[in-house]
Amino acid sequence: MADTNTTSPAPVKPKKAKGPIRWEAIIPFAVIIVLIGLYFKLFFDTHMRSLAEFAGYHATGAEVNIRTFETSFFDASLRVGGIELTNPEKPTHNNLNIGEVRFSLLWDALLRVKFVINEASIENISFDQPRKKPGKVKPPEPEKESALQKEAEKLKDEALEKAKTQYDDNVFGNIANMMSGSNESDEMKKLESKLISKEKMKAFEATLQQKQKDWEERLKKLPKASEFQALGDRLKKVKTSGFSKPEEVQKAVAEVQTIMSEGQKKIDEVNATKNDFDKDLKLTDEGLKEIRTQIEKDIKDLQAHFKIPKIDAKSIAMTLFKRYTGPYFAKINHYRALFYKYAPPNIVNKDNKPEVTIQPRPRERGTNYEFGKVNAYPTFWLKKAMISSQFNSADPNSKNGNLKGEILDVTSNQLVTGRPTMASITGGFPSENIEGLEFTLKFDNRTKDALINAVMGVKSFAISEKQIVESPDLALSFKSAIGGVRSTIDLVNYKELTLKVVNEFKDIDYQVAAKNKDVEGILINVFKEARTTNMIAEGKGILPRFDLDIHSDLGQLLQKGFEREINAKIEELKKKIKEFVDNEINKQKEIIEKQVNELRTKAEAEIKKVQAQAEEQKKLAETKIQEAQKDIENRANAEKAKAEAEANRRIEEERQKAEVEKRKAQKAAEDEAKKQAEKLKKQLGF
Amino acid sequence: MTLIFKQLFNFLKLLNSDTGHNQLAAGLACGLILGFAPFLSLQTVLVLMLVFVFRIQMGAAFLSAFFFKFIAYLVDPLSHQLGKGVLENPSLRDLFVEMYNMPIVPMTRFNNSIVMGSLVLSVVLAPFAFFAFRTAIIKYRILIVDRFKKTKAWKAFTATTIYNWYCKYDALYG
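Sequence lines, in order, name chains A and B.
Sequential numbering of the first sequence, starting at 237, is according to our numbering.
Sequential numbering of the second sequence, starting at 6, is according to our numbering.
Don't read these hints as lab results, they were simulated from the structure.
All C-beta atoms, glycine included, are put in the ideal place defined by N, C-alpha and C.
Only true hints are included.
What the simulated footprint calls covered on chain A by chain B, stretch by stretch (three residues with Cβ under 8 Å from a Cβ of chain B suffice, anywhere in the stretch; the number is not a length):
id, stretch
1, 257-269
2, 345-351
Result set (BS3-like, lysine-lysine): computed pairs, CA atoms no more than 30 Å apart in a straight line:
id, chain 1, residue 1, chain 2, residue 2
3, A, Lys254, B, Lys154
4, B, Lys89, A, Lys609
5, A, Lys254, B, Lys11
6, A, Lys254, B, Lys144
7, A, Lys823, A, Lys812
8, B, Lys173, A, Lys254
9, A, Lys254, B, Lys18
10, A, Lys510, A, Lys438
Could you put together the complete structure from these sequences and hints?
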């Protein structure tokens, strides 16, 4: 301790006791509050605008511009003006322009940590507007490609590859080639050597000639007429009546039978020859038939060589709409990839991992209890958003649309509000000739399965010049057309998507340019018939997998037109091919057929003649035999009658003798009976 | 960060001085509540305001909050069970429904089981913690600081010029 005796210490000023409140901190605190206020007043909006542009750029893959970004703490409001979303496919234009978006939150709800917007408005909407300067497009990131991006790119590539393989421009190229019909005669000459029927006919002709020789030989060997005559003469000499002895009869019959047997042998020989000939003729006919079939086949092959097309309505429609739908498909794939990238994992089931059911995790986060009551605020509730846009007819450069719509009850908990989210927009874009725009959306999350149903339609919109087919032979484009579209989308549980888009096209003015002027004329005629058509896209799938099928009646319309025009060409070509075949093959075929017919006539006549002779002699022999038999029968009958008469006479004599004997015996019996009767009477005393 | 370090030095200085045991104990007790409360909640803001406006030792509060954050993490299961029991109590349901739909109150996030459990724990423990810390500080000063100040080494150090300069600086800029 200090020495107090020597020097008196300087009086120590007692420190003023400090109170419980830290007054000296109030000013720094106030300064900090003021600084924070100043930051929010001066810089917050600018920083938020930059942040929104940065986030938008990374989310959409193209530059996003925001002209104004204004927030107000006291009004809890936000106003964003001049929103421009660059089209990544066409950086000189915007995908979407929004004049202004504004809304304010209710402080009453904010104090309850709820976000409730009574009314929001979105104004001056326009699409596909040119930009003052081209927007920046985000370059691809190949090195740090995530599994999700890979999946999205894979889907995009699959869709492109599908379109590429299915619907190329060849369908019209082939039709044009066929219709040009040039140099087919030269082609046919080249093909002459390849005709199988011609080769077959040569072989057939050689075989036929050999057969002709064989048959001539066989015909020469057939029994001659003189041989049959000799048999006839022999038959005539055979005795057929006036037989004195039965042995004579037997001898005559035996001789006739011998002659008949010899004749039968010759007839059998002739018949065998005829059968063989018939068989050969049958084979020859089959050969000819085969040649005719081969000729038909050769004609078909020739037609195929000249690419006579089989018109496929679907292919035509796909080819026509490929270039039209291509950019839209690219856009759909782009947004599908974005959806896949940013959607919650439980919705898109990323990486194919099994879905994790949502459950409270008490260890880290505890359990949140909702003490809601009827008419209370949900965590987020946009009660009403107005969409409006007015076309300025006084301004020739105005590209705004006439839009009017509202979005109702966007909320984080539909069970609290008890209402589904509804949206409806109607209007049009006069500067773009888009009329009758209608959009309705219903999002109902109150049931077990969340349902999103959207209907979008445009009554009419102008289609400016659009290239459809571009091949070396043909260029085809829509010069102008009026389109209409109606689409319905149903999404169940954020996964099961059903989509149907019906496009109607009217007053289509096609522009056709072909290398061959005949083809051009034909195509112009064909497309005149298809000034009104449609295109229907239908799809169903579990996201992100989704298959889209496109069909159109344009294919059928064009098919009819093409068939009419092409059939004439086909017939002409077929005629030419037929002529070619006739010249080259039918001539030869006719010669063969003539030869066959000659052989047939000659052989048949010869055989018939021999057969007739043989039959005649056979008949003679049979007559002879019949005569002999008749004579023998007559004689036998006479002998038989004589014998019968003698027998009858003898029988009569014997019968008479017996009769006499019988009468004698009867009389004797009667006498004896009378004697016995008299004797009995005496004994009895009568 | 400088402010936090300064507050921590002040805490050490005050801890080793003769006065301010109530400030220190209050700071440590407030730190307990801060440690148990979620960072973004109304109760955190209220306690920070109390610490800032009233003469409560901020360094003690921050240090205590840092320490009790770990404790709170460890007792989360207990907090969850406690909060669950409170929030599911039927007799309190009407109260909670009103509170949930009142302005400002939902900012406390009382409807979360862990927050509610932690809040109940911290509010119940805070007065006990205050007196426990107060007693501990006083005992520390008597048993450790006073004895240390009586050591020759400390006396030698206080006789140095460096110490005198420090005292002068402390008197001027505290």
